[in-house]
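Work out the full structure, taking the sequences as your base and the hints as a guide.
There are 2 protein chains.
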Amino acid sequence: MNIGVLGTGAVGCAVATRLVELGHIVVMGTRDVANPKAHEWVTSVGAKRGARVGTFAESAAHAALVINATAGVGALEALRLAGDRHLHGKVLVDIANPLDVSHGWPPTLSVCNTDSLGEQIQRAFPEVMVVKALNTMNADVMVHPARLGEDHTTFIAGNDAEAKATVADLLRSFGWRSILDVGGIEAARGLEAYVLLWLSMRSAQETNAFNIKIVRS
Amino acid sequence: MNIGVLGTGAVGCAVATRLVELGHIVVMGTRDVANPKAHEWVTSVGAKRGARVGTFAESAAHAALVINATAGVGALEALRLAGDRHLHGKVLVDIANPLDVSHGWPPTLSVCNTDSLGEQIQRAFPEVMVVKALNTMNADVMVHPARLGEDHTTFIAGNDAEAKATVADLLRSFGWRSILDVGGIEAARGLEAYVLLWLSMRSAQETNAFNIKIVRS
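Heads up: the protein sequence lines correspond to chains A and B, in order. For the first sequence, the numbering used here begins at 1 and goes up steadily by one. For the second sequence, the numbering used here begins at 1 and goes up steadily by one.
Keep in mind that the hints were calculated from the coordinates and are not lab data. Every value quoted in this text rests on a predicted model; they were computed, and no experiment measured them. Do not rely on the hints blindly, as some may be mistaken.
Repeated chains share a single entry, so a pair holds when one copy, or any two copies, can fit it.
[To be verified] Cross-link-like lysine to aspartate or glutamate pairs, in silico, EDC-like; alpha carbons within 16 Å at most:
{"#": "1", "residue 1": "Lys213", "residue 2": "Glu150"}
{"#": "2", "residue 1": "Lys213", "residue 2": "Asp151"}
{"#": "3", "residue 1": "Lys37", "residue 2": "Asp100"}
{"#": "4", "residue 1": "Lys37", "residue 2": "Glu21"}
{"#": "5", "residue 1": "Lys90", "residue 2": "Glu21"}
{"#": "6", "residue 1": "Lys213", "residue 2": "Asp100"}
{"#": "7", "residue 1": "Lys90", "residue 2": "Glu58"}
{"#": "8", "residue 1": "Lys37", "residue 2": "Asp181"}
{"#": "9", "residue 1": "Lys48", "residue 2": "Asp100"}
{"#": "10", "residue 1": "Lys48", "residue 2": "Asp160"}
Structure below.
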């Protein structure tokens, strides 16, 4: 599949690399095509496998499916640069968290409780099928879930059932076996707010290499 | 131990019952001592075991340890009625969630992100050792963790290490084996915000009988 990964940070690189390994043709989208992190990524995966760098708009235009791995506070602007006409009718996997680090550590959320980044994106791009996914863990866990000691849970939320099925298939190809659909895109409120607990858990455990598993009776 | 349980709802009754079963002397605190739910609780556990009903102030005065199981939006008022002089120097286990249902379902939080109910209580009662605990699950799971299929995780947060050790002991007496200390009382932000995700998980799974387990590498 042709996939656009918007963002050149740890999440963008991890997801883009995994997608290339799985045979997808990936264009990593960046604000500045001279961004050395994007070119290091192309070098690391090998351009011969179809991996290349483009603007946000080139990445989205290339893609059948777009992944938002930008820093959450810049996500809406990045998506505007990607362009509504290049996103129109496509599935957008929103991994971003609206973390505001401008007031120090730990971060707060720039939107929460009565709204979420996922909802903001869906409202700004009503013809895009936004699916919130993978924002509840570290980048390595996202793409290599089997590296943890046992099965654990990831979540999807979005308004379009077919888009969620597409994303669930993609997650299964990463190795995910426990995928819980928590409802419409408004469920992004809980998925994003959970990150405040995740940050505390990370500090307490002094590791990023963890996730949660749902245990039932 | 003499324990005061503030609140007569499902959480207050479940916790108070479990404490009586474990041999503690419990006074359930209520705004209105004629509250039929409180008296039904006394009947259900048997007054001969020391269980009785009192005002918030009588409950707190009786207690060596106080448990806040009130509805979150009324918690600060309930604690003021309990009285600073009756709470002074004691451990206060804060189970409450600041759920605001005034705008319909699903609820939002009346405080979140840059503050939390746990922190509000700690600020309002600086001489009380507030420990946020048990707010991340259904009442039955709180007091009977072994009823779920396998081990799972509960959290504690608070500024006083000795108070957290006391609460951890109490949780172990309920059957908890995996207790993660996530830091100072400011970690209540994450614990309370997680409830937004919990509500989505509950809807998706159509059951209250679940919790999360931390899975590590």
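Now the hints, each set against the structure:
no.: 1; hint: Lys213 with Glu150; in the structure: both (9 Å within a copy, 11 Å between copies)
no.: 2; hint: Lys213 with Asp151; in the structure: both (7 Å within a copy, 11 Å between copies)
no.: 3; hint: Lys37 with Asp100; in the structure: neither (22 Å within a copy, 44 Å between copies)
no.: 4; hint: Lys37 with Glu21; in the structure: neither (19 Å within a copy, 60 Å between copies)
no.: 5; hint: Lys90 with Glu21; in the structure: neither (23 Å within a copy, 57 Å between copies)
no.: 6; hint: Lys213 with Asp100; in the structure: neither (27 Å within a copy, 27 Å between copies)
no.: 7; hint: Lys90 with Glu58; in the structure: within (14 Å within a copy, 61 Å between copies)
no.: 8; hint: Lys37 with Asp181; in the structure: neither (33 Å within a copy, 37 Å between copies)
no.: 9; hint: Lys48 with Asp100; in the structure: neither (37 Å within a copy, 55 Å between copies)
no.: 10; hint: Lys48 with Asp160; in the structure: neither (35 Å within a copy, 57 Å between copies)
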